[in-house]
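K.L.:
Chains as they are written, first to last, in the working numbering: chain R, 33 to 574; chain Y, 33 to 574.
Just so you know, these hints were derived from the structure itself, not from any lab. Keep in mind that a hint or two might mislead.
[What the hints assert, rightly or not] No farther apart than 16 Å at their CA atoms in a straight line, the calculated lysine to aspartate or glutamate pairs in the EDC-like style are these:
#1 Y:424 - R:49
#2 Y:402 - R:49
#3 R:416 - R:481
#4 Y:376 - R:59
Number of protein chains: 2
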Amino acid sequence: MLGLMQNHPLLISSLIDFAARYHGDTEVVSRRVEGDIHRYTWLDVQRRAKRVANGLDALGLQASDRVGTLAWNGYRHLELYFGVSGSGRVLHTVNPRLLPEQIAWIVNHAEDRVMCFDMSFLPIVQGIHTHCPSVKHWIALCDEDKLPADTGIPHLLSYEAWIGGQPDQYPWPVFDENTASSMCYTSGTTGHPKAALYSHRSTVLHAYASALPDVMGLSARDAALPVVPMFHVNAWGLPYSAAMVGAKLVFPGPAMDGKSLYELMEAEGVTFAAGVPTIWQMLLGHTAGNKLRFSTLTRTVIGGSACPPAMIATFRDDYGIDVLHAWGMTEMSPLGTLCTLKEKHRHLPEQEKMKIRLKQGRPIFGVDMKIVDDHGEDLQWDGKTYGDLYVKGPWILDQYFKGEGGDPLVDGWFPTGDVATIDADGFMQITDRSKDVIKSGGEWISSIDIENIAMAHPAVAMAACIGMPHPKWDERPIVAVVLKPGAAASRDELLGFYEGKVAKWQLPDDVVFVDAIPIGATGKMLKTRLREQLKDYKLPTV
Amino acid sequence: MLGLMQNHPLLISSLIDFAARYHGDTEVVSRRVEGDIHRYTWLDVQRRAKRVANGLDALGLQASDRVGTLAWNGYRHLELYFGVSGSGRVLHTVNPRLLPEQIAWIVNHAEDRVMCFDMSFLPIVQGIHTHCPSVKHWIALCDEDKLPADTGIPHLLSYEAWIGGQPDQYPWPVFDENTASSMCYTSGTTGHPKAALYSHRSTVLHAYASALPDVMGLSARDAALPVVPMFHVNAWGLPYSAAMVGAKLVFPGPAMDGKSLYELMEAEGVTFAAGVPTIWQMLLGHTAGNKLRFSTLTRTVIGGSACPPAMIATFRDDYGIDVLHAWGMTEMSPLGTLCTLKEKHRHLPEQEKMKIRLKQGRPIFGVDMKIVDDHGEDLQWDGKTYGDLYVKGPWILDQYFKGEGGDPLVDGWFPTGDVATIDADGFMQITDRSKDVIKSGGEWISSIDIENIAMAHPAVAMAACIGMPHPKWDERPIVAVVLKPGAAASRDELLGFYEGKVAKWQLPDDVVFVDAIPIGATGKMLKTRLREQLKDYKLPTV
Numbered sequence: 033m034l035g036l037m038q039n040h041p042l043l044i045s046s047l048i049d050f051a052a053r054y055h056g057d058t059e060v061v062s063r064r065v066e067g068d069i070h071r072y073t074w075l076d077v078q079r080r081a082k083r084v085a086n087g088l089d090a091l092g093l094q095a096s097d098r099v100g101t102l103a104w105n106g107y108r109h110l111e112l113y114f115g116v117s118g119s120g121r122v123l124h125t126v127n128p129r130l131l132p133e134q135i136a137w138i139v140n141h142a143e144d145r146v147m148c149f150d151m152s153f154l155p156i157v158q159g160i161h162t163h164c165p166s167v168k169h170w171i172a173l174c175d176e177d178k179l180p181a182d183t184g185i186p187h188l189l190s191y192e193a194w195i196g197g198q199p200d201q202y203p204w205p206v207f208d209e210n211t212a213s214s215m216c217y218t219s220g221t222t223g224h225p226k227a228a229l230y231s232h233r234s235t236v237l238h239a240y241a242s243a244l245p246d247v248m249g250l251s252a253r254d255a256a257l258p259v260v261p262m263f264h265v266n267a268w269g270l271p272y273s274a275a276m277v278g279a280k281l282v283f284p285g286p287a288m289d290g291k292s293l294y295e296l297m298e299a300e301g302v303t304f305a306a307g308v309p310t311i312w313q314m315l316l317g318h319t320a321g322n323k324l325r326f327s328t329l330t331r332t333v334i335g336g337s338a339c340p341p342a343m344i345a346t347f348r349d350d351y352g353i354d355v356l357h358a359w360g361m362t363e364m365s366p367l368g369t370l371c372t373l374k375e376k377h378r379h380l381p382e383q384e385k386m387k388i389r390l391k392q393g394r395p396i397f398g399v400d401m402k403i404v405d406d407h408g409e410d411l412q413w414d415g416k417t418y419g420d421l422y423v424k425g426p427w428i429l430d431q432y433f434k435g436e437g438g439d440p441l442v443d444g445w446f447p448t449g450d451v452a453t454i455d456a457d458g459f460m461q462i463t464d465r466s467k468d469v470i471k472s473g474g475e476w477i478s479s480i481d482i483e484n485i486a487m488a489h490p491a492v493a494m495a496a497c498i499g500m501p502h503p504k505w506d507e508r509p510i511v512a513v514v515l516k517p518g519a520a521a522s523r524d525e526l527l528g529f530y531e532g533k534v535a536k537w538q539l540p541d542d543v544v545f546v547d548a549i550p551i552g553a554t555g556k557m558l559k560t561r562l563r564e565q566l567k568d569y570k571l572p573t574v
Numbered sequence: 033m034l035g036l037m038q039n040h041p042l043l044i045s046s047l048i049d050f051a052a053r054y055h056g057d058t059e060v061v062s063r064r065v066e067g068d069i070h071r072y073t074w075l076d077v078q079r080r081a082k083r084v085a086n087g088l089d090a091l092g093l094q095a096s097d098r099v100g101t102l103a104w105n106g107y108r109h110l111e112l113y114f115g116v117s118g119s120g121r122v123l124h125t126v127n128p129r130l131l132p133e134q135i136a137w138i139v140n141h142a143e144d145r146v147m148c149f150d151m152s153f154l155p156i157v158q159g160i161h162t163h164c165p166s167v168k169h170w171i172a173l174c175d176e177d178k179l180p181a182d183t184g185i186p187h188l189l190s191y192e193a194w195i196g197g198q199p200d201q202y203p204w205p206v207f208d209e210n211t212a213s214s215m216c217y218t219s220g221t222t223g224h225p226k227a228a229l230y231s232h233r234s235t236v237l238h239a240y241a242s243a244l245p246d247v248m249g250l251s252a253r254d255a256a257l258p259v260v261p262m263f264h265v266n267a268w269g270l271p272y273s274a275a276m277v278g279a280k281l282v283f284p285g286p287a288m289d290g291k292s293l294y295e296l297m298e299a300e301g302v303t304f305a306a307g308v309p310t311i312w313q314m315l316l317g318h319t320a321g322n323k324l325r326f327s328t329l330t331r332t333v334i335g336g337s338a339c340p341p342a343m344i345a346t347f348r349d350d351y352g353i354d355v356l357h358a359w360g361m362t363e364m365s366p367l368g369t370l371c372t373l374k375e376k377h378r379h380l381p382e383q384e385k386m387k388i389r390l391k392q393g394r395p396i397f398g399v400d401m402k403i404v405d406d407h408g409e410d411l412q413w414d415g416k417t418y419g420d421l422y423v424k425g426p427w428i429l430d431q432y433f434k435g436e437g438g439d440p441l442v443d444g445w446f447p448t449g450d451v452a453t454i455d456a457d458g459f460m461q462i463t464d465r466s467k468d469v470i471k472s473g474g475e476w477i478s479s480i481d482i483e484n485i486a487m488a489h490p491a492v493a494m495a496a497c498i499g500m501p502h503p504k505w506d507e508r509p510i511v512a513v514v515l516k517p518g519a520a521a522s523r524d525e526l527l528g529f530y531e532g533k534v535a536k537w538q539l540p541d542d543v544v545f546v547d548a549i550p551i552g553a554t555g556k557m558l559k560t561r562l563r564e565q566l567k568d569y570k571l572p573t574v
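Construct all of the structure, not just a fragment, from the sequences and the given hints.
P.N.:
Here is the structure:
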């Protein structure tokens, strides 16, 4: 027997309608590519999103046609979020930091029909447009008078001319909430990128979950600054969750240096900000160097990579700002866990609390997780045992766009590719990437642990730990080390540095000195490349 | 094109599994009918809910069979919430404050197969059990040794004996999230009660929405005390939302006097409480009389009827506790609006803030509302114009159980039966019930406004305003007044009391002195009964 409640699909158009109807005068403020500040309201976002929808109709786009973006965090990008998805098309946010040939490959794979780009990325578009046959319309996110005379791109439109003549009335279509709404390609370190294809349902559920008090805790009294890019996993869903609760949104545009961010935060009364550690490092450098205080910021969510303990401590102790560690993936919309303490932790000594804050956190309702061994068997939640982290839930990927890579799930669980511990309270901590962990005699050794110890040595600039084949133990760890300019340390000295810091069987078998460790476009070490470089290497212990 | 996210239905079983898995040691504390305190954890709730599910299987219950409860807020009731709905049956919470013949009518209409009751309600069950042929199993929510020797109820089981032998493993079935999960009858003032039939989907979506920062703001650092009964609209969804966020739950059982509630709040560190104004009046009476402070309570949600301004002020000024006005209905699961201020209100003078706090609040995402005139046309959101309040959303009723009363919707909107204003910021304020508003010459006069003025007169104990037929104006208001014992006031004096307080055309045409005004079981004035009493009355102005 079915319940007798009203049948309303969860749609992204409802989010913008809600924000316009109940928070119509709440501001959305953007630093533009041009450097100036643009401000308007949620009501304006809705009206212009409806113009976008009419503009897409005028271009002849069909339901589920892809509309690409190469854009910073800003108001026009926000209008595309709602206008494209709301009208039943698929928003395809493209990462402009990729190489032009990667961008062209992605645009072709997604079969984008329209590409909207900030003028910062005109050179990219000029380089790829002849290689992207599916794109019928190139639209520059600017006023008509800002369009250069000769860009070489046929029929280039300005965004303002395109939507300018369109009506701001548009009856949002009502459809199955499982309909695709947006997509994002992962920056795969091997092979071609693969795309997660989000649905209206997954997006709205993720918005509900991410605004909860133990997650981002968003309300109509917040001014939220997403420094995390809208071109990558929808800026952690903030455009949607802010609309859901009627929060003010503040967009930094391309200006993500410490000074620009600080001034924007103070000018706009930002209470909440989300970003990666490198951004906050720049911000804290600016505030410390100029003896500045934050007058409205109360909390920041940090994800993308593990946050250094010193940064958490600085935010808390020097500025009274809560740092919340978050973890997620493109394949997870992206939020999986947030590190919010429980009531039982309230009276712990500060250093015990810090140990918990360094973990990636506990799942939000909607996400379930487990850690498993090589045979897929559940491992203990003791905060020490680590294994492959698997997740499932309604905003987690089922398969990649066009079925690329086959069925990624194992018994309904998505393998994250991370290795993690889970403690008895459900707090998860990433210890390594699955492909980097060293499997030695049935035991796992965290490459990150080995690297962190080497990095603590005063002579070491960079360190990468990889496993080398071993006839008895399967794999044994070695550490490749780049010394600081002018510094010296011998192999034996560095190996000796590990003593007492790890169990004997976890000690690296060797230290290899290298001039550099290969780094990818997103700043991560490319261990596959390092392994290629060391393909003729032989373990001294064999 | 559909998105490619995992397909997981929103099910109530996922809520209890989540609470047990990630908040397994968080407590659920109950004052029992026997008066003592029972404490255990969310993990225990899950295990015993699974015993309930096995117990229902053992009784031969099919999917969607109804399981009734006549019970206070307590841990066994909570286990039934999850065990009954989680296993695919429908939880039917029955209001024990109704008359026995009403309860029997409801049980028969719902076709309950099982009835679980607290021993407080044994006399009710003894009175009705022979009139409830659908109920095959009567289960007393107690230990086996607490069961009286001869109750006259054949095959009466104790809850603990029933579930005691059952395993605490149970594979929750997975089914369509639109499946019915629970039901609640409205206490209709006219005609037979009608039931709202909630679904798993509506329940989980309502839980997400109700835990948001601008609504109940629930987190794993909260200890929530639902004084609102679990036998009426699922205690405003708190059993579900608390499980969703891993909050501690504290149940008062039948002891809702000020002293018992205060002691429970202090002993259990309650941070959040939800109830109706009369309960809080008793609580504040106790604390004021004994010069007590609240050490952990930070906020309380008040609904059910409008909260007196003095109570909001007392909670804030004397105790530092935030009072949040809420509004909802049985047909709305129940939450529609909550009165949480916006950022723009932060710097208003306190008396301006109070004016907003007295409103019923603004919608949560998922609820949409409008006010309409007699012709169904939208009315202005100016905070003054009032009209019939209509709502829609995924946790709002589509039709009543068994289609009773036909199709209640008007163009997809549910007419609440309330008359309200909405201001430019989306804050709604109830001004009257639709059936009580007086329609005079095309204008509406709020009966509540007229009553409140009369009540402010020192001689008046109670006042009820009703409309009387008028050949020219359709209706004109009169006010029926009960004087305080020993007090005196003339008709002219009372009519004069209105001058300057309302517009001239809103002045009552007459004052009628009565000995008493009929009051229903839920404490509301029965104006239908009053109209019958005054059926021979003639307006002096005709």
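K.L.:
Of all the hints given earlier, name the ones this structure violates by number, lowest first.
P.N.:
Hints that this structure does not satisfy do not exist here, as all of them hold.
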